[in-house]
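Q: Residues per chain are reported as follows:
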Amino acid sequence: MIRLSLEIGQTQKPEAILFYILAPLSVLAALGMLIVRKAVHSALLLAWVMITLAIFYIALDAAFLGIVQIVVYTGAVMMLFLFILMLVGVDAPDSLTENIKGHRATAIVAALGFGGLLISLIGRATLNHVSVGLAMANEPGNVQGLASLIFTQYVFPFEVISALLITAALGAMVLAHSQKSAGARLSQRALSSVRFRGDSLANAAGLPSSGVFARHNAVDVPALLPDGTPAKNSISGVLTARGDVQDSTQYALGSLPKVDDESGDK
Amino acid sequence: MTSNNLVYLIALPLFSSGFLMMLGRRADKWGHIFATLISASAFGIGAFEFLQMLARPSESRAVTQKLFSWISVGTFQVDASLLLDQLSISFVLLITGVGTLIHIYSIAYMSHDLDRRRFFAFLNFFIAAMLLLVLGDSYLNLYVGWEGVGLASYLLIGFWNQKPEYATAAKKAFIANRVGDVGLSLAIMIAFATFGTVSFAGVEEKVSGASTAALTGIGLMLLLAATGKSAQFPLQSWLGDAMAGPTPVSALIHAATMVTAGVYLITRSNFIFDNAPTAQLCVVIIGAITLMFGALIGTAKDDIKKALAASTMSQIGYMILATGLGPVGYAFAIMHLLTHGFFKAGMFLGAGSVMHGMDDEVNMRKYGGLGKLMPITAITFGLGYLAIIGVPPFAGFYSKDKIIETAFNSEGIKGLFIGGAALLGALVTAFYMTRVIILTFTGAKRWDEKAHPHESPFLMWGPMAILAIGSVASGFLLSSGNRFVSWLAPVVNSHEVEHAERFQPVVVTTMALVAVLIGVAIAIAKYRSDVPRVAPTNVNIFTKIARRDLLQDDFNEAVLMRPGQALTNFLVATDERAIDGAVRTVGAVVIGSSKGIRKTQNGFVRSYALLILFGAFALLATIWVVTL
Amino acid sequence: MNPYIPILVIGAFGFGFGVFSIVAAALTGPKRYNRAKAAAYECGIEPSPQAQGGGRFPVKYFLTAMLFIIFDIEIVFLYPWAVSFDQLGLFGLVEMVLFIGTVFVAYAYVWRRGGLEWD
Amino acid sequence: MSDTPVLQYSFLAPILIVLGGAVIGVLLEAFAAAKRRAVLQLTLTLGTLFIAFLSLLRIRNLTSAKAAMGSVMIDGPTILMQGTILLIAFFAVMIIGDVDNFTAQASAVPGSDEEKSALQAGRQQTEIFPLTLFAVAGMLLFPAANDLVTLFVALEVLSLPLYLMAGLSRHRRLFSQEAALKYFLLGAYASAFFLFGAAFLYGFSYSVTLSGIHAAVIGGTANNIFLLIGLTFISLGLLFKVGAVPFHAWTPDVYQGAPTPITGFMAAATKVAAFGAMLRIYYVTFAEANWNWRPILTVIAIATMLVGSIVAITQRDIKRMLAYSSIAHAGFLFTGVIALNKAGLAATLFYLLAYGFATIGAFGVITLVRDSSGEITDLNRWAGLGRRSPKIAALFSFFLFAFAGIPLTSGFIGKFAIFTAAYESGNIGVVVVGVLSSAIAAFFYIRVIVMMYFADDNGDSLTVVIPSPLTSIAIWVSGGVTLVLGVYPTPVLNAINTLATFIR
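Protein chains in written order, with this note's numbering: chain A, 18 to 283; chain B, 3 to 630; chain C, 313 to 431; chain D, 163 to 666.
By construction, these hints were calculated from the structure, which means they are not laboratory data.
It is possible that part of the hints are untrue.
[As the list claims (entries may be wrong)] Derived pair list, reagent style PhoX-like, types lysine-lysine, alpha-carbon separation capped at 20 Å: (1) D:K197 with D:K278; (2) B:K452 with A:K118; (3) B:K546 with B:K447; (4) B:K416 with B:K368; (5) B:K452 with B:K374; (6) A:K118 with B:K601.
Only chain A is shown next, with the shape it has when bound in the complex (with noise of 0.2 Å):
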């Protein structure tokens, strides 16, 4: 199976080549989302940086983990950020100055920091050990075996996690979903008595569709009823409660310029 080892001056291996270039990507992609002024394009940045991290764990032999990285992680909670942002409003772009006197500064130096320390005591750790990947975990495959992990050995911690599972349930549903009064919205069976058991059943065969035969099919002009003078109830209670609506004996048959004259079209 594929090796990857981080030896030194073995280059010529594509996972080192597909590294050398994806990583600085990745750092510059995750450095952007922090500068970058809009709410939505760091979060689009950040979708990259997962989807590199993805692309890193299929080179590493995880492809199980890889692609549930993709679903899940990138598909699902990036498409949350970006549901958030569109809640939240995403104009408002949030204003990068720092008023905590001394922030940034700190904050760069301890990342810095962080980052140095961590960079040399892994190196410190790491130079000159051999690496081992997962050829012995992946033997029967990478997915058999994780189930066989997951199913057996981690079985409790599995149960456990539904628990979490219907926390996070709970917790949307009494943070987001705001009761609507039950008696607010009629049911399926009461919507149809009042149509059919009205008094009228001028609409019980449904409301005629907007636009005039095969000459303007447009939401905003009103049909025309048999005896040629538009059907109100063609026309969405929006519109004309804007005033939207545009007179329909514009398009009647009768009105339309003589083809004849026009010589070519257009």
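Use these hints to put chains B, C and D onto chain A, whose structure you have.
A: Just chains B, C and D now, kept in the frame of chain A:
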């Protein structure tokens, strides 16, 4: 030999003083009589014991009584027990005898005073304390009496403490005594350290073994105690002001008994001083200095009581000087002490009756010509006067003459020098005592208009008469055939050792008489003409200094008081700033750091996250260092 | 032949197709600006005035997204199970039924409390 | 494939019962009628906790052993800790039962008319009961976890409900939601560090179970840089959970923002669980490697004690002050943990029990002090409480004495045991700082008592509500326990000593 009625000597007056104090107003009517009876009964017991002692052979005269074992800490054993030997019986008789006379005198003298009962309670307390002092068988018991006497003198000097200056006088006396007491306590401690015991007998046995340095130390400390109690140089400033107390107090305490406690102490510790020559030399020097000091002050004082006080100071100077002259001197010192007790108390009571007559006027310049109006007082005062200047048949002559003689006989130029000082002292004493007699009893009347002198009642001139008889006869009685010297010999083990005599006794006596006559002549010459009612101010520098008690108060203030106050102010300030400051700063630091740390809690998530990152960074840094 | 080559080729091909189509459309298409063309097409009607930048979306979107994630994670766990459930045998089945059961309780709660209705 | 896994159900009974109860709670939430839902939930929750405690008692003296394929270790300390957690949760739920500490509808925007209509309608967020049960389940699992995976899952199960419930306070909802968000963000942040550490530990020992890691530690072949990094980040995650100093910043805001019953529950029960896990990790896995990590953690312990007690002095809000005092107590407990001897283990367990009950009682009392607009936590307005309701004020003073460690209270015995253990382990500096910070702490505890009794009553509209029967039971029982543990602690101490031996 033990006897079990020594304790009554002390218990009776002590109990009666407590009883009178407790009863308060109810005891006013009979309180003073009760106190006087108690004092008289004490005198009776003393006399009985004296007679018993006389009957016993000389070597077994001492009598002891063990009350209870006071301190028993490991090897340190001190019993509260009493010792009555020849030395202490003479004191007992003096104290209770003169004391009773003064009690009688006070009945009349204090008749118009509201707190008479309290006065007599204090007097009884004083008698009890003084008896304990002289009867104690160890330095510690003596120390208890010593303190009691100091307290009694404070209470009695400050008896009329409505006047602020009397109260300060009492405080001054007490403080000066306390300084002396420090000396005594140090002496006791050193004694205990070197001998392991503080009883006189115990110390006497071990004294030969001790190092002279320790002995000198103890001797000097005892001397310091004596100067404090007996108003010797350098702690003599309080005696003049002590006259603020009622005259009987001055008579009893500041003439006859308390001030002689110092002499008793040195005499009692004769075994220490005999083995510590340097200490003995200091005693002599102190005696000589105080002798001249008192005499000079006496010449310039217009207040009759202050003049007598100055003379007491110089007479005690004589006694201290005598005790410093070796074994033989102790007996003459005590003899002079007894005779002085008689005539000085007599003169004080005389002064008291003069003041009584002149409604408490003390300035002699306002007396004059009282001899005719107060004949008895004049006679008794005169006899006392003759005794003190040392005219032959009277008591003063015998005792003072012996002191001057032994002074001259002591070896080396020291003898000459001290003898000369004693002689000069005798001259000046004669001068100022004659001055007092002339200003008070002879010459033109210089009274204020409203003064109408009259003779004192019998209750007052009675005791004065007895004392006058005492001052006449006591000298002869005590010294005839060296009776008193042999009486005291076993206590002060002054076995007859012949000294190389510089002068024959008769030569010394003639010299002394000549000096006295010169003094009297000068005084008569100076004060025979009219005496200005107001003390002249354009006097030479010496009189000015003498009037201000040879600047002793200014000296004390400058050297002791002001630096003391400065020190206390400094300590209070440092305590205020340093210690309280430290506590306050600790509090402030904690509150300050609390405010500081609170600032990190600014409510922003990102700064909390930064704090966590910083924590992680710190941990990593430590690992990085650890695994270098 | 290194197995990575095909991945590279397909990646490049996909990427190239996307880029080519956009570029070609931009280059060849006529550029006649017309207000109606620029307007947002809302089934033919005039678009109702929108807050600049899309405005705020109702919270329902968030709720739905959240619920999606929960059941998405559930699927992720189903995936390995599905792959090896024959080796796991009965115990695996019971395990998964329990897991699905509990998450179903969450689903019942959400459905019952009206979390899934839209308006 | 491997043989079918066998789960020792009897050992897992308490956790499973609580989980089951929670799931049933959710079903109740879905299907029970709104009006009767609160009562049903309360009885269900209390019942579940009670049955769980019974099941725990049943297995208490069985030989302790691994359960659930080695992912859960039920040994003496675990049983003690699970018992403490269940007891504390039982009485905390009694106080939580008084539901009007919680907002009527969490999803309503604070101050909107929707919220007002919800309040009028008297709607209740009864989801708090299943959430509490889930949290308790997490807490039961946390100290029992025997490998890093279970540990992390337990940490998340424990934390998620708490993040949620922190935001449900009825009084000052915006501040409460802000507190919940802070707790969530920083919680996630710390969990990230925790996972990072776990990864390194796996890298170091090629095994995720604690015993596996321990084997590698003793083996000493693997390079210990990974061990140190892993250990540091794992402890960072745990220290955050407990509120040790560099990671304590969330505690004051969250304790003040969260509804008071939840703050009480959080302050008491989470500490028990977190310290349980910490004890297991340090005693079981890293005991032998203690020469290098002990100084760092001693510094943290000292800093925690000092900061906790010093900053509490200048606090004006009672909940915030108790938050800082809980930081200080975390410091004391941490001293017990790093004592690394049997006495330290026993002392920490006892202190957790004592501190837990005192906290529950104290916060219970705080829920009672209210005026028309809701809870009063500003200290100045507590002046004169002693006169207005002497019983409650006396009880609160007693709890404060317990915190300060005054003799005749459980606090004193706890602190005494901890300091002796620390002293035996040769850690003198910590003991000195501990005593110093207790002295400082005594100041601000007594200040509250003085404020209640001696400050004159400024005629405030503040009234002490008549407590609902459940709340009063909870408060008086915790008071009783604090007194009993203070006066006659020997039976409890003996029980702890017999059980307090870790199994690898």
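Q: Next, verify each hint and record whether it holds.
A: Results of checking the hints against the structure:
At roughly 18 Å between alpha-carbon atoms, K197 (chain D) and K278 (chain D) fall within 20 Å of each other, so this suggested pair holds. With a C-alpha separation of about 95 Å, the suggested pair K452 (chain B) and K118 (chain A) falls outside the 20 Å cut-off, and the hint is violated. Of the pairs offered as hints, the one joining K546 (chain B) and K447 (chain B) is violated, with about 26 Å between alpha carbons and a cut-off of 20 Å exceeded. The suggested pairing of K416 (chain B) with K368 (chain B) is violated, with an alpha-carbon distance near 43 Å, which exceeds 20 Å.
The suggested pairing of K452 (chain B) with K374 (chain B) holds, with an alpha-carbon distance near 18 Å, which does not exceed 20 Å. Taking the CA atoms of K118 (chain A) and K601 (chain B), the gap is about 12 Å. The hint holds against a cut of 20 Å.
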